[in-house]
Amino acid sequence: MVTKRLAVAVALTAALATACGSGGSGGSAASAPASSAAAPSAAEKVELTYWNWVPNMDKIVEVWNQAHPDIHVTSSKQAGGDDAAAKFLTAAKAGNPPDLVQAEYQMLPSFVAAEAVADLTPSAGGLKSQFGDGLWSLVTLGTDALYGVPQDSGPMMLYYRADLFKKYGVDVPTTWDEFAAAARTIHKADPKSYLTNFSSKDPGWFAGLSQQAGASWWGINGDAWKVAVNDDPTKKVADFWGGLVKEGVISTTASFTPEWNKALADGKLLAWTSAIWAPGVLSSNAPKTAGKWEIAALPQWNAGENASGFWGGSAVAVSAASKHQDAAVKFLTWLNTDPAATKLLVDQGAIYPAATAAQGALSTAPEFFSNLPDFWQKAASFGAGARGFTFGPDVNVTYNAYKDAMDKAVAAKSSFSDAVTSMQDATVADMQKAGFTLAQ
Amino acid sequence: MPSKRGAAPYVFLAPAVTLFTLFLAVPIGYTVYLSLRRTKVKGLGLGKGAKTEIFVGWDNLKTAVTDPELWHGWERVVGYGALVLVVMLGFALLFALLLDSAHVRLSRFSRISIFLPYAVPGVVASLLWGFLYLPGMTPIGGIDFLSPTAVTYSMANIAVWGGTGFNMLVLYTNLRAIPQEYYEAARMDGAGELEIAFRIKIPILTPAIILTTVFSIIATIQVFTEPTTLRPFSNTISSTWSPLMKVYRDAFVTGDLYSAAATSLVIAAISLVLSFGFLRVVRGRAFGES
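So the protein sequences, as listed, match chains V and R.
For the first sequence, counting from 1, position 184 maps to 184 in the numbering used here; every step adds exactly one.
For the second sequence, counting from 1, position 221 maps to 221 in the numbering used here; every step adds exactly one.
Nothing false has been slipped in among the hints.
Straight-line Cα separation of at most 30 Å, BS3-like style, residue types lysine-lysine; simulated pairs:
| # | chain 1 | residue 1 | chain 2 | residue 2 |
| --- | --- | --- | --- | --- |
| 1 | R | LYS48 | V | LYS226 |
| 2 | V | LYS378 | V | LYS236 |
| 3 | R | LYS62 | V | LYS93 |
| 4 | V | LYS226 | R | LYS62 |
| 5 | V | LYS192 | V | LYS166 |
| 6 | V | LYS433 | R | LYS62 |
| 7 | V | LYS128 | V | LYS343 |
| 8 | R | LYS51 | V | LYS87 |
| 9 | R | LYS48 | V | LYS93 |
| 10 | V | LYS93 | R | LYS40 |
| 11 | V | LYS87 | R | LYS62 |
| 12 | V | LYS413 | V | LYS192 |
| 13 | V | LYS87 | R | LYS40 |
| 14 | V | LYS128 | V | LYS77 |
| 15 | V | LYS343 | V | LYS288 |
| 16 | R | LYS51 | V | LYS323 |
| 17 | R | LYS42 | V | LYS128 |
Facing chain V, a subset of chain R residues (Cβ under 8 Å, in silico):
| # | residue |
| --- | --- |
| 18 | LYS42 |
| 19 | GLY43 |
| 20 | GLY45 |
| 21 | LYS51 |
A few chain R positions that, by computed beta-carbon distances, are all more than 10 Å from chain V:
| # | residue |
| --- | --- |
| 22 | PRO15 |
| 23 | ALA16 |
| 24 | ARG37 |
| 25 | ALA208 |
No lab work stands behind these hints, which were simulated from the structure alone.
All of these numbers come straight from a predicted model, not from anything done at the bench.
Cβ atoms here follow ideal geometry from the backbone N, Cα and C, with glycine treated the same way.
Only chain V is shown next, with the shape it has when bound in the complex (with noise of 0.2 Å):
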């Protein structure tokens, strides 16, 4: 037990250190040489660290850094995800947070709860006419304050090996149910291939099929949170790939795992619904398949409709704690609408831009769709109906109470709807405990 009470002690003495560092020293020491130099210029010259895991991004700072010797931004290369979100709470928590974060969608209302993002109204609000509203209210969450600037957007769609499909005679699935017999067929032609796999890694991914089915897990009805992760259209969701699942026609392994990949590479794997963002994973994962691959909508609950969901994209936000703020906004507002940057966003980071007039600029198609020269039209006209929902202040319980609960589930071949009510309980749970206001 001694070690583990050390492993206790240097993490907690770190977080202490990092702590009285960024109050004792850290911003002084900074401004102070630059100071001491007397040369107005370098005294106001600005230092800005941003969080991010935008591929090439030290690229494209280096860009606004040629062009801004006043304002100096360092990237500073994060693991992205769940990890990154955690990293930057226990940051702002310990008070040595950088000055801009990138923020996914759903983890922007647990840093707001967590006060660790500052209010943009003031410097940004003006934006507010270069996005989708869907978008803009992701990052204003329905309130009159402005959290962050969206920087990408993940709409889903259908990506489907044509050749596959051909060969085993099946035809795109417009609807669900037309999904669900395309699974059967085959897997019963080869029983070692799959239409695709459910991943009961992967919340973001159920979200994103769930709000296409037009539920709403969370919404702020007065001053209390309303919250129905277990609402009629995510147990419609959950029960159809349950029963999928039970059946077998489906693979059961998470997605971007080794196995996963290689079932992709080896063509054991057909289909898969994801986002706007997937030819990035699909071309380092399954780099053979190219030129192999088609895309389509997601398939429909009600033949005929054209509804999508959001499977990730990102906003950036400014730290509360961050001496900056106005130099900060000044970056962002640059880095998400001005041309010249989204265009590099899109050919160096490869993502897709949430700004609206960048989003019409798309032209080429992405190198592993050189078969689809109209990939971005097509992209924008599937995406064009994808539905979002407000996220709630503990996405992340909810998060992992969807792997939990979906492992349990794939394991045992259990109830699926039984998990996303576990998935609630344990939302409401949290909340309440925390002292959160809830509407019933």
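Position chain R relative to chain V; hints supplied.
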């Protein structure tokens, strides 16, 4: 003069006391402090001042102790630990005795190759074995190593693979320290290798065996790396599979540092009880005779 002499012991003591205070007492005190507090949110919890830190007394500790997930975690870890302890220490003892026997060839090579896995970091070892376990990638067909029933054994296997070498080396070093005269005397009395092992070597080794057992108990209580690394590969390992994983989840996934602090205290207390309990039970045997 007397005052100067009086100061010397304190000066000598100062480095140890300072280090102890800075790196042990203060962090533990801070953990206790955190465990007595929590944040309280008002209304929607958005906007300035909606969140305050309040004192809640023993509430967090009570919640930690009454959380069934923590005890399920302990059950899993005790099952896993029993497996690891018996198999790993059994192998360690067996290999140490074999290497120490007079007839062994290639002793140096064997010793190093058994010890080598210990030099592989836990995360690397887990990934390495993880790839061997994955149904779609494993060269060993027919068995699902990550099924609900098999996953504990699969994880124990990683720990045994990584830990046997170290424990073997501790035991082997102790064996080398036994004076050869004992063996000569035993042989003169007509004892074979087997009898020497059981009647001389193992009894003399007892304190070392106890030491390795205590270390292993502590290590299994802290199991974190293997299940955390294997978790993305499998749907049979929950985020609270082991007690330490629960602490990690509370602190860094669901953002509740206060509950995590309380649970750490519970784990520390249980580790203390288990380690000292074991020592107490075996003390008579191990140290009473000497």
